[in-house]
Structure formats: structure tokens, C-alpha cells
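Peer 1: The lines below spell out each chain.
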Amino acid sequence: MAAITLIEAVTQALAYEMTHDPSVVVLGEDVGVNGGVFRATAGLSARFGEWRVYDTPLDEMGIAGVTVGLAAQGMKPVAEAQFEGFIYPMMEQIVCHAARMRNRTRGRITCPAVWRAPWGGGIHAPEHHSEANEHLFTNVPGLRVVLPSSPARAYGLLLAAIRDPDPVIFFEPKRIYRQYKEEVPDDGEALPLDVCFVLRDGSDVTLVTWGAQVKECLEAADALAAEGVSVEVIDVATLTPLDFDTIAESVHKTGRCVIVHEAPKTAGFGAEIAARLAEECIYDLLAPVERVTAYDVHTPLYRLEMKQMPSTAQIVAAAKRTLAAS
Amino acid sequence: MAAITLIEAVTQALAYEMTHDPSVVVLGEDVGVNGGVFRATAGLSARFGEWRVYDTPLDEMGIAGVTVGLAAQGMKPVAEAQFEGFIYPMMEQIVCHAARMRNRTRGRITCPAVWRAPWGGGIHAPEHHSEANEHLFTNVPGLRVVLPSSPARAYGLLLAAIRDPDPVIFFEPKRIYRQYKEEVPDDGEALPLDVCFVLRDGSDVTLVTWGAQVKECLEAADALAAEGVSVEVIDVATLTPLDFDTIAESVHKTGRCVIVHEAPKTAGFGAEIAARLAEECIYDLLAPVERVTAYDVHTPLYRLEMKQMPSTAQIVAAAKRTLAAS
Amino acid sequence: MSIAASFEIEYLQYLDADGKLVRKDLPEFAKNLDHMVELYKLMVSTRVFDTKSIALQRTGKLGTYASCLGHEAAHVGVGSSMKPEDVLAPSYREYGAQLYRGVQPRDVYMYWGGDERGNDYQKEPARHDFAWSVPIATQCLHAAGSALAFKIRGEKRVAVCMIGDGGSSKADFYGAINFAGARDLPLVAVIVNNQWAISVPRRIQSGAKTLAQKGIAAGLFCIQVDGNDIIAVRKAMEDALERARSGKGGSVLELVTYRLGDHTTADDARRYREADEVKDAWTREPIKRLRAYLESKKAWDEKKEEAWKHECDEWMDNEVNSYLETKAQPIEAIFDYTFAELPADLQKQRALALSLEKGAH
Amino acid sequence: MSIAASFEIEYLQYLDADGKLVRKDLPEFAKNLDHMVELYKLMVSTRVFDTKSIALQRTGKLGTYASCLGHEAAHVGVGSSMKPEDVLAPSYREYGAQLYRGVQPRDVYMYWGGDERGNDYQKEPARHDFAWSVPIATQCLHAAGSALAFKIRGEKRVAVCMIGDGGSSKADFYGAINFAGARDLPLVAVIVNNQWAISVPRRIQSGAKTLAQKGIAAGLFCIQVDGNDIIAVRKAMEDALERARSGKGGSVLELVTYRLGDHTTADDARRYREADEVKDAWTREPIKRLRAYLESKKAWDEKKEEAWKHECDEWMDNEVNSYLETKAQPIEAIFDYTFAELPADLQKQRALALSLEKGAH
Ligand SMILES: Cc1ncc(C[n+]2csc(CCOP(=O)(O)OP(=O)(O)O)c2C)c(N)n1
Ligand SMILES: Cc1ncc(C[n+]2csc(CCOP(=O)(O)OP(=O)(O)O)c2C)c(N)n1
Ligand SMILES: [Mg+2]
Ligand SMILES: [Mg+2]
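These protein sequences, in sequence, are chains A, B, C and D. Residue numbers for the first sequence follow the numbering used here, so the first one is 544 and each next one is one higher. Residue numbers for the second sequence follow the numbering used here, so the first one is 544 and each next one is one higher. Residue numbers for the third sequence follow the numbering used here, so the first one is 4 and each next one is one higher. Residue numbers for the fourth sequence follow the numbering used here, so the first one is 4 and each next one is one higher.
Chain A with its partners taken away, still in its complex shape (with noise of 0.2 Å):
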């Protein structure tokens, strides 16, 4: 068994599923002969032919659309748009259909759809080609926000986003498609839909985050640690529906947290969990929530590309400063 990158995890799970649900099929723009702009779909359409690994117009509405028919037919489409950015166009499929076609007719139609697209910033790529905006499907009732940061978790979640029968926003982020291979057993083990992991236990400080920034918190968790901090990481993995047990008993123990995103701070996910912070666990908090993110503006060019995404010293000062405070 190769190590793999969260890339190839990532097709490894689609062709995984493939071969053993016949009613699952990809489709999107360039997913076909091409294998995606990203190569996550490299092979499946050598494997699967061209009707099953299905290269679509250039148009994200259509995409999404047509995806929500498929899973009304009983398919299991898994759709990609090329961009998180270029997801604004399906939007209006997701929130007004995929989401409540289950509710609309009381179980009669449902929707078990999937939509990848690859997230965030960080690889020098141009315009709208670095958002990160999973905060838009977070408020939509009725869709389950995954974001898997290791090739286990891109495995496991994908195959448990396909599986399950309710509609998944998948995102994928990209600044670290390629950064380390770990091994995977092809094994078509699931993991679950409805947990944070802890990726480090502590007790000094809960660091919350999900996607590329976890990279950053551990790094943080280590730095902290040389200074004698003791440091628990929480990949959040599923936004919504939330695990949020996990970050409380996480803060219960600790009494600081801090979140961490690349997304821009007003209305970013990192809200949803300092607010709940504030209902649930006033009593348990030593310090002020701190939130480490972007800055409300929009994602520079590449060439200040990273002066907006949170570094890990100020992760660093910002426990620190949770470990200052009375």
C-alpha cells in the first residue's frame, strides 16, 4: 500500500465507490479525459467511460441542476465545480432544491447528491481561484459543509459524503491537495459525518479550526508546546450539522479557545462556534473566545496573497493571549 496525498484520497474514494455503486457517476468541467483541472478524477474516465465520468457545458447552474435531477432518478451524482469560487451559480439548485427537495415532498424525492470543489487559498492561482466560503452553505438547513484535512479524511469523508442520503457541499482544500502522502487502505471504511476529531489533546488551550488551517494550529500546538503550553487541536471536518460536544468538553477542560480560518472573519463559520461558546459555556471560559482569520476584505492577488491568511505566529499570540488573560 502507497502513501497518498488528500488528492489522490480523493479519487481513490471516488473510484472506490464507483466500482461498487453502479448509480454513482461524477460529472463537471474537465472531469473526463482531462482528469480534472486538479487530476482528482485522473483515470475515472478510462475506468467508468465518458457517461459515468461526465464532461459537462461550461455552466455551474446547469451543473448543479442536472445533478439534483440525477439524485431524484436514484443516482448518486457527484458534482464538481472547478473553483470554489465559480459555486455562486449553483447556489440557487443547492439551497432551493437540494436542500429541501427531502422536506418539500415529505421523503417522496430526495436528493443524495454530492458537490466538490477544491477550497481556499494559498497556490498562487488567479482571481477567485483562492476563496474560502464555506460559510455560505452553513446557514441552509437540510446540507451537510465537510471539509477533510488529511488523505484519511478526504477518503473516509468522501465515501461517507456519497453514502449519505441527504445533499453534501464537500470542499477541499487545495493549499495542501499536495502536501504530504500518508497511507490510506482502500478499504471503503467510512468515517463519520457527525464528529469534530481531536487531532491533539491538550489542556491549556482548545485551537479550533477546519481545512488547510489545521496545518498551521498544529504547528502552532507544537510551538506552544516547546514553551511548555499544553495545546488541544479540534478539526471541526463536518461545519454543519455541528458536533459542537466535542468543542465544549474541549473548552470545559481547557477554558480558552481560539479558532482559526481563512476565511474573512464577520459572518465566517469561527462565529457559529464563539456564539455557541457564548450560550453553553460562559461559566467554563477563562478568557475571551479569540478568533484568528482572514481580514474582511477580499482575497488579494497572489502577490499579498498571504498577508490575508492567518499565520501560525498569530495563532501562537493568540493563545497566548488566552493564556494572559485573568
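The reader is advised that the hints may include incorrect statements.
In silico EDC-like links for lysine to aspartate or glutamate, alpha-carbon gap of 20 Å or less [to be verified]:
1) D:LYS351 with B:GLU823
2) D:LYS361 with A:GLU848
3) C:LYS351 with A:ASP737
4) D:LYS212 with C:ASP187
5) C:LYS361 with B:GLU848
6) B:LYS619 with D:GLU158
7) C:LYS154 with A:GLU593
Here chain D is said to cover these stretches of chain B; the calculated rule only asks that three of the stretch's residues, wherever they fall, bring their Cβ under 8 Å from a Cβ of chain D [as the list claims (entries may be wrong)]:
8) 590-597
9) 650-656
10) 746-759
11) 785-793
12) 847-856
Because the hints were derived from the structure by calculation, they are not lab data. In this text, a Cβ means the ideal position worked out from N, Cα and C, and glycines have one as well.
Put chains B, C and D with the ligands on the given structure of chain A with help from the hints.
Peer 2: What follows is chains B, C and D with the ligands alone, placed relative to chain A:
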């Protein structure tokens, strides 16, 4: 000067600004001869002609993009989405272009446009006609999100929105379109877009809300006053960019905060306000921050719709919980 | 001059406004007078149903309702041409098509009466059809997706979407026909051109001479049909379905008709259109002409008309009663269809809602 | 059979692949050989520019870059036909059109070099043109909106949008032509059909025989043009602009050309297309044929070619240097164009960013 309703105040503001600024144009479905499905543009077509009160083809994506084009050419377009539930196809243009035109071109091209939409539930309307989806736009840099809650504020804030050199989303709480009348002088006086409005002073607990729920919050304040509780009521009005200072000052005084909104709870804009409190005012808080909101479900069709709407009783109960807290 | 491509849009009509045949080549189905009577009866019952619905709304027993007055030939023509295994993706007023496929009037009442159970059609083939689609044109893509599913699975089924003249301006309509054209998906897109999109007239909705020609943009077969002539509608549909079923690709049909009523009960069309135009349109309405035709063939008469209308009245009264007797759903219903399995957070909210509900009673 | 509408799509070509005239009715502008030389020179400089850009990218001095190799006639043809007061809404590779209107190569480098100032075109008329538009087809609506502004203000100006074969599948393209058709807005929508949308070939992008015919859906004038023949492109554009300017409505032009390079420098076209196809396309490329034509008219020769290429090299080196010498914007720049006036909250964030910046240095 006759007293007017909120919707009449919208019409009055549009007419005022169209009279005084020839670059203001109104566009949307049925805004012309029909005067809009809610009569917001009643009479404007007859006064200003079919080119300045422009009936568009039925295509929200088109309306949004044409609006950006108009604005880029120095017009001041006020586009209507017939209902907030039909705004999704507008998002790509609003997020990817309107909100970033100035930034993208370093100020060379700007987008002084307004998108109006009737917003929220409570009028027994069909599916997709009763959503509260303001959160969608609150994580978008470069955009203002405004929600008036009285005839006078509708007039003054809409004037400000049209005159603002940047794009504004202007949601109109349709439940209170015709709830009551007040005298609104047609004097062209705009209200500021960077402040929350303190509608009622109080010292025991702060209610923070926007849109139609202002009504329930004021009722709750009355009910609580009868029991000797002094309630401060804040109408946020402009959600983003947020005037957090007004809220912080109030909570500094009261130590207790209940946030009330019609949108589903998770990742609604209430989360941002609670998060800011947890970050910046934690030492002022004498009780957990409460959110009284819709549940995380789809707006039910109208037979059950009001079961999902925060009620005065729920607000009172939440305020009392904060008072009972240590 | 070198010509890269050329196109013709046919206009199809069999019965003129007076119910006279204008062509000799009557299609097979139309030679069967029993069947024509069956179609006529459904057109009449659709109108009786519609009248009843408006009355219900006016008396406060129904929410906003979208009438189908004047569309009976277009709607019944589409519904009756489809095979059970085909799939219909309607917008919101095509009751004539849906009743043919097993949607019950009580479902329609439930839906416009603010109860999601109206979308839970109980009878086949409607049970596998899409529910009403309020966001204009979005249903066209559901049909295209269904057509793709049929193609992938090698099923000989066709997906049909119905859309208005206004709706054919919206992006998704174009997306659907473009998807279908690019890979010959079995899609039939039916534009019901009733001349108005709420208050916006056909004239400023599109600069195209016919709406049928929109299909040229996607390389589909296109035809314009007298939408008040059920023979023409049915014939154009049968041909389009057959082409799609046999792998020859999709079609765009424009059914030219007229919205004789207000847009919905929330609308007042007198604000924006001339009474004369409506009066004139009544001379071309679909039921009168089919009746004239059937009477000329001795297949129908006043007595049958009376009897059938009476039967329809009873049918609709029964449906109305069933609707009015249906109790509202319990509060749990607003939670229980959000996900297949209720997530933990929602379980808590559901419990809270239940407790508030108990407190309130 | 009654015909409701019929259409013909003309194919326009003057110069064949060998640079021979295939029509006698040479347009006025083409009789002016000095002007034809001017166009030729811009086509060549565009290619020199393009080669330089790719080299910059390959040596790590530029981010992802979208080449225009093979599109020179289409792009220069469009740019040169427009009046200064017209407005161009390009997508992302139409440098030939933009250079004609005053965009500088250094702007292009800045943009693909990750600096927003590349969009801040300094020279008229480019200064009032739209910036590059990455979200496919969205710019078509900006052009339609501009056209509406011109119409409202009674200005005799035309808005031109450029879009790819793939992009013409996207909803906004249809929305733009539909808006234009409904009210005769002065819009010219130019589809640059280079046969590929990244890896998706024209064949499965659309079932339409020509992409020009998409305009029929909106009632616009449509024409298919040899996009490698600058005379044809320029002529079709002049006619379309004149129709639009004089209130006769919009047009859709399909310029048939070929993307000779990869989609962008991030793409490897060998994965999905045959070398033979590309080889074959080279025989029809636009520069060779115009040169052959000009040489046959004694308006151009090898010496002039050498001299001009040398001049272009110097020009581009100068532009490259200007680009490479430009320092990155200060951190404040990521805040200062978000709003006309910085809101209080953002002022705080800006101060924080500045302090972090200082701490880092
Ligand atoms: C996306 C969207 N925008 C706006 C509306 C509001 N609306 C409902 S029906 C309608 C007009 C539809 O006209 P047409 O497509 O001609 O169909 P008809 O009602 O005439 O059958 C509009 C604008 C909507 N339901 N969905
Ligand atoms: C809305 C959107 N979807 C996807 C992309 C990614 N993308 C960039 S270029 C391209 C293909 C465009 O093909 P075409 O329109 O033919 O133009 P060409 O690149 O050939 O000039 C795609 C899919 C995008 N930029 N925007
Ligand atoms: Mg209509
Ligand atoms: Mg192309």
C-alpha cells in the same frame, strides 16, 4: 404630510432620488406598469418612463449582471429581486463583481448599486417567498447589508443606500410593509449606514435585532417593563459593516444580551454578534448570550410557518433566563 | 454568400378557433373519438377544478393560487401524451397535465393551502414526477438531469419540463436545453407561452420572433404549436417524445396560448392589460373549439356536457372536503424531513419546539 | 406546412488559409493597405508579447497565464473595429483587442503577476473598458448593462463582450443576449470559438451546428466568421457595430479559430487532444495568411518583418522591465479599495495588519 407605511416610504425614497438624480434607475420584474408585486414602485413608471423604471426579462442572474454594468457606466441602479428567495442567481454577480469591482480595479471602476428585496416571512406566502437569508451576504467584503424596520428608517436608509458609492443589499421586511403608518417628511434626508439604532433605552438587558422582529422585541420590552425589567432595544439596521460599538456599550451597561432574528440559528448573523461579545465583552457579560431565532429547518409552508418564527413570549423567556443567571 | 446553417420553425394547428379542421392529415389518436372525448372531459374537469380553487381562495380557505384558466389544451395535451414511465417536471399551474398523471385535486389544495403534504403525490405515475417548482425555470434542469439518468441507465424514458414564456428567459432553461443538445438527452422542453409573465408582456420578454426558436441555440428540434388546439399539442408532443425515446435527441415546443385569468389570486391583471385583449383571447380559448369539433362529429352534446359538469362538481366537492378535513401537521413535521436522520443539534431544537408547543396549549 | 419563422446563418470569409482572396467585394478598410499593415503589425506584436509572457511564466516570473496564440486575427479584428467611446468587456485572453485600445503589456503582466494594479488601465479608451473577467460569461451581462446605460442616456455607443465557445454555454451569455434582444440594446456579443474549453471539445459543449445561431434564441442578428481572417472579422464587427449604433439592435458573432497553445500555462493539452489536430490547425493560423496577402500586394516583406519583430522585442523587453521593477503594494492596499471610505471595523483590522507587518520586519 400624510403618514405612510414602510412600503410607501420605499416608494417615496425612490421617487425622491429619481427626481433629484437622473442617473438613478429602477429595474426588475414587474417594476414598471404593474408597480411591483408589493407596489414598491407604484406610479414610478408613469412619472419617469419605461427606460428608467425598467421591466426586465425574467432572469435574476441577468438583472444582477446588468445592474453591475449600469453602475459601472455611472448610473445608480436600484434592482429589485421580487422576493429574497429568488436572489440566489444574483449571487455570482453580487459577490464576484459588485462587491469587488472597486478593489479589483484599484478604484478605476466602482459599483454604486442597490439590490432591494422583500424579505422574511409571516405573510402566508407560497414556498420560497418567506426566507430570511441576510446571512448570505454578511461574509462578503465590500458589501453593505441593510434592513430597515420602520417607515422613517426605510426612507432614510434607502436614500443612503442609493447615494452610497458602494453596493448595498437592501432587504425589506415584508411582514411589516403595511403594519403601521408614520409621518416621514419627504425631505431627502438620509440616515447613516454605519450606526445601529437604539430604539429604547434600558439598563437590565439588551435586545439586539433587525427587520420585522423589532416589533416582537419592542413588545417583549413592554412586557418586561411591566414586570419592572428595564430593556434596551437595538435595531442593528446595517448588519455589515457592523457598528459593534453601540452594541458593546449597551452590553457594558446591561451585562445581558439576547439576539433575536428570523433566520435559522446556525451561522445566522446573530452568531457574529454573539461572537464579538465573546471576544470583546466577555468581562461585561453577567449571563450567557442568548439567541432567539428560527430553528435550523426550512421555512415551513404557511400552515406551520409561525411556529418557526421567534415569538414575543420566547424573547421574554430568554431575557428572563439571562436575568436569572448568576 | 456562403450559408453555414439554415432553420425553419413550423407552426402546427389542426383545429382553428371555431373547431374546424384546417388540415387533412389527422393524427392516429385523433381518429379515436372516444379518446378525444376523454381529453375533452379532462379539459372540462380541469376548468371546474380551477373555478373551485379560486372560490376557495376568495373565501379564505386557500392561500395564493395560480389559475390555469385557458391553458387546458396545452396542459392536458402534454400530460396525455406522456407514458407512465416518463417524468414530468412542472412549474406551478400545469394541473391539467398533472391530473392526467394521478395528482389529485386535494394535493393541489394542500399545497396552495400551505401544507407540504400536497407535494407527496400518492399515485403513480405522478408519484415519480417532480413537485411544483416555484423558483422559475429551475425544474428544467431537473428534467435534464433525469434525462441524463435515463441515458446513463439505458432506459427508454423521456423527461418533460414545462416552463412559461417568461421562464424561458431564465438561465436554467437555456442550461437545460444546452445540456440536452450537447449529448442528445431525451428531454422535451415545453414552453407554455401564455403571453404574460405576471405583468410583463411577451413583446418585451424576448426579441425572438417565436419562442420555439430558442431551441436552435442548443441544436434541438423546435416547433411552434397552437396551444389552444389539443390535437396539435398532442401531436407535437407525441412526435417529440418519440424522437427523444428513440435516441434522436431533445425538442423545444412552444405552445401558444393565453392566460385568461390573473397571474395568481394575489395579482390584479387589470392594472397592466387591456380588457379588449382578454376579450379577444376568449374567442380562441381551447375548450369551446374542441366541443364544437366533437359536437360536429356527434361525439358530444349538451346533455353529456351537463352530466359531466355535474360529475366534476361532485368530484371536486369531495376533494375540497378531503382537503378541508385534513388537520395541520404536528410541529415535529417541520424537523423530521430536514435530514434522513435528525442530527443531534436538531433533536435538541425539536425537543424545545415540542415543549414550547405544550406550554402554549 | 405553415412556417412561423426561418433563419439563415451566413459564413463570412475573405482570405483563405493561403492568404488568397475568396471574394471580390473587399470592404473599404481593407482597400487601405497601410491600415492592413497596421493590423498585421499589431497581430505580430501580440504574438511576440504572448511568447514573452509564456517565457516569463516558465522562469517563475509570472503566475498562471492564458495564452492568445492563434487568436490574433479575432482579437485584433474586434479591438480595431470599435470606436473609442465604445466599451469592451473581455474575458481573459483577448490581449490583441485590448492592446489596440490602450491596455499595456505591463498591465497584463501585473495582472497575471498577482497585482491588482494590472486592472487599473491608465490609457483611454481602455481606461473605461472592463477589466478581465475570470468568472466565465459574467462579463456579457456587464456589456448588456452598459448597452442599457447608453440607450437610457441616448448615447451612440456600443458595448462589446467577448466570450469563448465554452463560455457561450453559461447562463449569463444567454441572459445578456436575451436582455439585448428584448429591447434592442446596442450589444455585440462575440463568441471566440477556439474549439476547446480547457479539455472539453466544441462537439460536446453544444449540439448547435454553429455557435452563431445561439443569437436566434434572442432574436439577434447572427453570423459565423472565419476568425483567422482579419478582414472577415473586422467587416462583420463593423457591420454589427453600425447596426447597434444606429438602433437596429444587437448581434452575435461566432469567430471560428483555434487555440494553438495550452489553455493556460497550468494546463497540458497533450493530455486530451491529438497532436495532429493542432498541426492541422497551424495550417490555418491567422498571421501567415495575412502576411502572404500583404506580400502579394507588395505591402510587406522579410525586411519589414525582421525590423518590426525587432521593434516588438524591444517594446516587450521594456514592458517586462517595467513590470519586474514594480514593487509589491503595501499591506494597506488590501484594505483601501474595499469601500470608498473604510468602515470603522476595517480601520481596526488595517491597523492590526500594519502592526503585524512592522513586527515581521
Ligand atoms: C426565480 C424566480 N423569480 C421570480 C419569481 C416570481 N414569479 C412567479 S411567476 C412569475 C412569472 C412567470 O411567468 P411565465 O414564466 O410566463 O409563467 P406563467 O406564470 O405565465 O405561467 C414570476 C416573475 C419566481 N417564482 N421565481
Ligand atoms: C464560472 C467559471 N467556471 C469555470 C471556470 C474555469 N475555467 C476557466 S477558463 C475555462 C474554459 C473556458 O473555455 P472557453 O469559454 O471556450 O474560452 P477559452 O478559454 O477557450 O478562450 C474554464 C472552465 C471559470 N473561470 N469560471
Ligand atoms: Mg407566461
Ligand atoms: Mg474555447
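Peer 1: Does each hint fit the structure? Answer for all of them.
Peer 2: So, going through the hints one by one against the coordinates:
For the proposed pair LYS351 of chain D and GLU823 of chain B, the alpha carbon gap of about 13 Å is at most 20 Å, so the pair holds. The straight-line distance between the Cα atoms of LYS361 of chain D and GLU848 of chain A is roughly 17 Å, inside the 20 Å bound, and the hint therefore holds. Simply put, LYS351 of chain C and ASP737 of chain A have alpha-carbon atoms about 15 Å apart, close enough for the 20 Å limit, and the pair holds. A distance of roughly 13 Å separates the Cα atoms of LYS212 of chain D and ASP187 of chain C; the hinted pair therefore holds under the 20 Å criterion.
The suggested pairing of LYS361 of chain C with GLU848 of chain B holds, with an alpha-carbon distance near 17 Å, which does not exceed 20 Å. A threshold of 20 Å between alpha carbons decides the hint, and for LYS619 of chain B with GLU158 of chain D the separation of about 17 Å falls inside it, so the pair holds. Under the criterion of a C-alpha separation no larger than 20 Å, the hint pairing LYS154 of chain C with GLU593 of chain A is consistent with the structure, at around 12 Å. For the segment 590-597 of chain B, the stated coverage by chain D holds: 3 residues have a C-beta nearer than 8 Å to a C-beta of that chain, and at least 3 were required.
Restraint check on the segment 650-656 of chain B versus chain D: 4 residues with Cβ-Cβ distances below 8 Å, three needed, restraint holds. Check on the segment 746-759 of chain B: 0 of its residues sit with their Cβ under 8 Å from a Cβ of chain D, so the three-residue criterion for coverage is violated. Here the segment 785-793 of chain B counts 4 residues with a CB under 8 Å from a CB of chain D, which clears the bar of 3, and the coverage holds. For a cut-off of 8 Å, the count of residues in the segment 847-856 of chain B with a CB near a CB of chain D stands at 0, and the three-residue condition is violated.
Consistency note: the structure conflicts with the earlier hints numbered 10 and 12.
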